[in-house]
Amino acid sequence: MSFFQRILAFGRIRGARRALAQDPTPRNYMALAQQLALAGKTGEAERTCAEGLAAFPDNVQLARYHQRTRRAEREQRLTQLRRELAVAPRPPLWRELCEILIDSDELTRAEEELSRWLEKDHDPEALYLLARVRLARFFADRGREQGRAALAALDRASEKLPGDLRPLRAKLDFLTRIGAWKDARDCAAKCLSVEPGTLELEGRYRTLAARADCAPTFERALHEVERSGNLVEVASVDGKHVSAGSVQQLLRELAAQPDVQAALYVRGQTALVQGPKGATAERTARSVQNILAGSRSAARRLGLGQLFQIQLEGGFGTLSIAPGEQDAGALLCSGPLGRTREEALLSMAGMNAASGGEGAAT
Amino acid sequence: MIHFLEPLSRLPGVDFVLLISHDGVPIAHAGAGSEPGREDGTAALAASWLNDITAAVAPLTWNAPERICLRAARGTLVLRRSESACLVVLLGREAAPEDVRLPMDGVLARIERARHGRSEAASSPSGVPAAPTDEPSGPIPSRNHPSTSEEAFRPASRTGQSPGN
Chain A
1 MSFFQRILAF GRIRGARRAL AQDPTPRNYM ALAQQLALAG KTGEAERTCA EGLAAFPDNV
61 QLARYHQRTR RAEREQRLTQ LRRELAVAPR PPLWRELCEI LIDSDELTRA EEELSRWLEK
121 DHDPEALYLL ARVRLARFFA DRGREQGRAA LAALDRASEK LPGDLRPLRA KLDFLTRIGA
181 WKDARDCAAK CLSVEPGTLE LEGRYRTLAA RADCAPTFER ALHEVERSGN LVEVASVDGK
241 HVSAGSVQQL LRELAAQPDV QAALYVRGQT ALVQGPKGAT AERTARSVQN ILAGSRSAAR
301 RLGLGQLFQI QLEGGFGTLS IAPGEQDAGA LLCSGPLGRT REEALLSMAG MNAASGGEGA
361 AT
Chain V
1 MIHFLEPLSR LPGVDFVLLI SHDGVPIAHA GAGSEPGRED GTAALAASWL NDITAAVAPL
61 TWNAPERICL RAARGTLVLR RSESACLVVL LGREAAPEDV RLPMDGVLAR IERARHGRSE
121 AASSPSGVPA APTDEPSGPI PSRNHPSTSE EAFRPASRTG QSPGN
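Chain order of the listed sequences is A and V. So the first sequence is numbered by this note's numbering: it starts at 1 and just counts up by one. So the second sequence is numbered by this note's numbering: it starts at 1 and just counts up by one.
Check the hints yourself; a few may be wrong.
Unchecked claim - Here are the computed distance ranges between Cβ atoms for each label pair:
#1 V:58 x A:163: 31 to 41 Å
#2 A:343 x V:102: 17 to 27 Å
#3 A:211 x V:41: 43 to 53 Å
#4 A:2 x V:37: 53 to 63 Å
#5 V:37 x A:277: 25 to 35 Å
#6 A:22 x V:44: 46 to 56 Å
#7 A:278 x V:2: 43 to 53 Å
#8 V:51 x A:207: 33 to 43 Å
#9 V:44 x A:315: 33 to 43 Å
These are calculated hints, taken from the structure and not from any lab test. For clarity, every value in this text was computed on a predicted model and none was experimentally measured. Glycine included, C-beta positions come from ideal geometry on N, C-alpha and C.
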């Protein structure tokens with residue numbers, strides 16, 4: 001950023017701060033955070049969003065922007081860590097780098113970094129992180145091979161870290177989520193031997209012991225997950241679902257605007273569509289899903305990392321898609337998207353709304 | 001062809017500029033971050049992505065998109081499609097796709113104009129450029145035989161046909 005641009009940015013930030021002080025609304029919090037982010041002060045932008053969220057915890061746009069500033073901050077930290085690792089590689093730096101990569105869902109790069117770390121020194125921590133990568137890959141693909149690889153990595157990590165509960169807990173979660181109750185019960189017993197008297201573990205052990213009688217074997221459970229694509233027990237993270245109603249409300253608001261042809265929310269194989277009806281709605285949703293899948297893969301192969309936005313322009317208008325970790329929002333307009341609609345769209349992605357209810361098109 | 005791309009590659013935030021045919025063959029490239037062999041991979045991936053998207057929107061009876069943009073954590077890919085080629089621009093994290101909208105349109109228009117100029121020259125029976133018309137001529141002189149650097153960008157014989165085919 002040039003000196004002149006910095007001066008301009010400073011003026012804009014000051015103006016946004018004053019506006020926020022006079023009228024502390026979510027819009028003004030957003031405006032200030034955006035100005036800070038544009039000036040490259042992502043840390044400050046993140047803190048502003050956090051402050052705004054403390055005052056307005058239900059504001060979806062602010063929450064979404066907070067997520068984005070955190071992501072940008074994470075990218076900056078990654079660059080810094082790489083620079084430091086090139087000069088003086090050491091385990092805490094490797095660990096932080098790999099954890100950021102795993103959290104950002106960049107599993108291939110995390111695996112590469114872990115291999116490099118393991119080549120340099122056989123730190124058992126690297127084995128645990130490798131097990132986490134394999135687990136994340138299994139949860140993303142739900143294939144039998146990935147499941148076996150994850151279990152082998154977890155066993156190896158718990159062997160090298162005998163007093164550490166983390167690999168055992170990860171294994172317990174894995175076995176529970178695929179429905180291998182008997183193996184999960186045995187794992188819970190191992191966890192209790194490492195940390196006896198933990199009430200939560202004792203409770204889990206009792207629940208699993210009650211289910212263990214007719215439980216499928218590990219292989220059978222993996223096969224079932226691969227066939228259906230569904231995990232038996234959803235992770236605790238999934239408990240953060242937003243209700244489908246709030247997404248539908250947002251979709252309705254967007255679709256009511258004059259030049260908006262369709263507003264969609266896609267999660268897995270399900271979609272909520274406002275605008276087109278019947279077969280057209282289904283085709284639109286399927287097209288959005290196909291574009292998403294192709295673009296995610298293209299971004300990965302081009303080395304651009306996690307996907308933030310896809311925009312298509314042509315004779316049909318503008319189709320903008322904002323992908324989240326597991327879901328995506330999409331908007332089809334006749335004219336340009338515009339700032340306000342773009343923000344609304346971005347706020348939709350990452351909501352992880354339960355989209356199986358009324359209004360599901362596909 | 002490179003001299004059309006160079007001004008675009010010098011814009012702040014632009015990492016790499018690439019002109020490709022619709023089937024993913026690199027025609028010309030420019031940019032500070034251009035490593036050897038990078039253009040082949042990027043061209044193939046960008047063309048394959050465009051084809052995927054064209055196939056995905058085909059059931060909606062939409063034509064292939066004219067401009068597509070992919071914003072990701074470590075940069076942005078902007079692809080602008082014309083009747084004979086695609087212009088691909090890779091932007092750094094700090095740059096926005098809107099910053100290169102006009103420059104990309106300009107570059108592609110210049111390339112198309114140049115292509116039409118050469119096409120007219122090649123189609124005249126004596127091999128000399130056609131008589132001056134009311135339309136402005138191309139920015140580069142028309143030639144009977146393309147130079148080696150431009151062989152891959154032969155003018156398409158009919159609308160919709162990709163160059164080099």
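Cross-check of the supplied hints:
As the Cβ distance of residue 58 of chain V to residue 163 of chain A is approximately 58 Å, the hint placing it in 31 to 41 Å is violated. Between residue 343 of chain A and residue 102 of chain V the C-beta distance comes to about 24 Å, which sits within the given range of 17 to 27 Å. For the hinted restraint 43 to 53 Å between residue 211 of chain A and residue 41 of chain V, the CB-CB distance of approximately 50 Å keeps it satisfied. Judged by the Cβ atoms, the range 53 to 63 Å given for residue 2 of chain A and residue 37 of chain V is violated: they are separated by roughly 33 Å.
Between residue 37 of chain V and residue 277 of chain A, the C-beta spacing of about 49 Å breaks the proposed range 25 to 35 Å. About 54 Å separates the C-beta atoms of residue 22 of chain A and residue 44 of chain V, a value consistent with the hinted range of 46 to 56 Å. Judged by the Cβ atoms, the range 43 to 53 Å given for residue 278 of chain A and residue 2 of chain V holds: they are separated by roughly 51 Å. A hinted range of 33 to 43 Å for the beta carbons of residue 51 of chain V and residue 207 of chain A is inconsistent with their spacing of about 50 Å.
At about 26 Å, the CB distance of residue 44 of chain V to residue 315 of chain A disagrees with the hint of 33 to 43 Å.
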